[in-house]
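Work the whole structure out from these sequences, hints included.
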Amino acid sequence: MMRQRILAVTLAGTLFGLCCVLLAHAEVRQSAGAVSDIDPHKAFGSKTAPVVMEVFSDFQCPACKTLYTGTNRQLMDNYVSTGKVYLIHRDFPLPMHAYSRVAARYARAAAQIGKVEPVEQALYQNQEKWEQSGDVDGTVASVLSVADMGKVRALVKGGTLEAGIDKDYALGQGYHVNQTPTSIIHSKGQTFPVVGVVSYDILHNFLDQLLSQK
Amino acid sequence: MLQSSPFNLRRTVILIGRLVLGGIFLYAGYAKILLPNMNPHPPIKIALSLFAMQVDSYQMLPPQAVNLVAHTLPFAEIALGLLLWIGWQLRIWGTLTSLIILGFFAAVVRSYALGLQINCGCFANPEPLTISTVFRDGLLAALALVMTVFAFIEARKPHAWSAPEKT
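These protein sequences, in sequence, are chains A and B. Sequential numbering of the first sequence, starting at 1, is according to the working numbering. Sequential numbering of the second sequence, starting at 1, is according to the working numbering.
No wet-lab data here; the hints were simulated from the structure. There could be a bad hint or two in this list.
Covered by chain A, per the in silico footprint, the following chain B stretches (three or more residues, Cβ under 8 angstroms) [as the list claims (entries may be wrong)]:
no.	segment
1	37-46
2	56-69
3	111-122
Remember, predicted model here, so these are calculated numbers, not experimental data. Cβ coordinates follow ideal geometry from the N, Cα and C atoms, glycine included.
As structure tokens, then:
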């Protein structure tokens with residue numbers, strides 16, 4: 001009886017080991033790639049940072065607001081401003097949200113005049129208001145000077161921002177992004193997709209592991 | 001099938017349950033630890049931290065509990081998978097497997113009901129949590145429960161091939 005059990009354990013272990021080897025050599029579906037098409041106005045931190053994080057988000061998505069207010073602010077303070085992480089904001093306006101593309105246009109226009117941070121903050125913090133009223137313009141105007149708002153409106157009306165949003169969207173599709181927020185983290189030739197809201201404590205553990213990787 | 005056959009319906013269900021659930025648990029644990037779809041393969045500690053982010057995205061547990069689950073569950077899955085394949089003490093491990101799968105099912109149902117746009121995290125691949133994930137986990141939970149109940153019933157009966165007791 002004992003011998004049969006030992007035989008069964010050995011057999012099961014061998015089978016499992018075989019499966020591991022086979023699966024490890026299975027088709028590679030995910031490959032690390034260089035980050036392309038970076039809009040310097042929507043990227044933060046040092047370009048030479050060891051970790052690059054692309055965040056695909058939609059200004060009208062509640063989970064994106066949670067990620068922005070709960071996690072990314074601390075990430076900016078502790079990893080981006082210290083040169084450890086290069087953070088890239090990508091627009092991924094979901095078709096189901098009526099005003100997310102409009103908000104993306106305003107944020108992109110604000111980025112071009114160097115005012116992306118207050119505008120993104122205003123859009124996320126007042127998300128419930130403008131998604132009801134559709135008053136994205138008023139929300140942005142509340143945090144910019146009259147002169148800056150004039151420049152933003154001119155850029156939005158100019159229609160040149162659409163191409164950048166479409167490019168971000170296409171990049172997201174290339175990473176198989178189909179929900180927001182999705183963060184794509186690159187480090188040492190590896191690419192890690194993270195879908196949904198992640199609390200700062202857990203993200204900080206992961207980033208520390210990546211940064212300590214030799 | 002004759003009642004005395006070693007492969008009556010109950011035993012067949014138990015065998016299928018052991019093979020299917022054992023195989024799924026083994027692969028799920030292995031995938032979380034070694035990330036076979038990634039090239040190059042990251043170290044195990046990074047794979048487990050990545051899994052912690054998937055656990056955290058369910059928004060059910062505090063950070064300490066998330067880390068505990070992420071660093072123990074994949075190894076528990078491999079151990080349970082092997083134990084199910086071997087079939088030793090099936091009532092104990094079947095009960096534990098059922099409890100774990102019911103926990104997964106509850107988490108998936110809750111996340112789907114709340115409309116969380118997250119990945120399942122079941123096999124460490126980018127698989128969105130959809131209604132098909134809910135159905136799949138429900139089926140696996142049903143299989144685990146039936147297998148465990150049948151294992152308890154079988155344990156009470158003498159083996160079909162054992163000699164009849166002399167009176």
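Would you pick out the hints that fail for this structure and give their numbers low to high? Result: no hint breaks.
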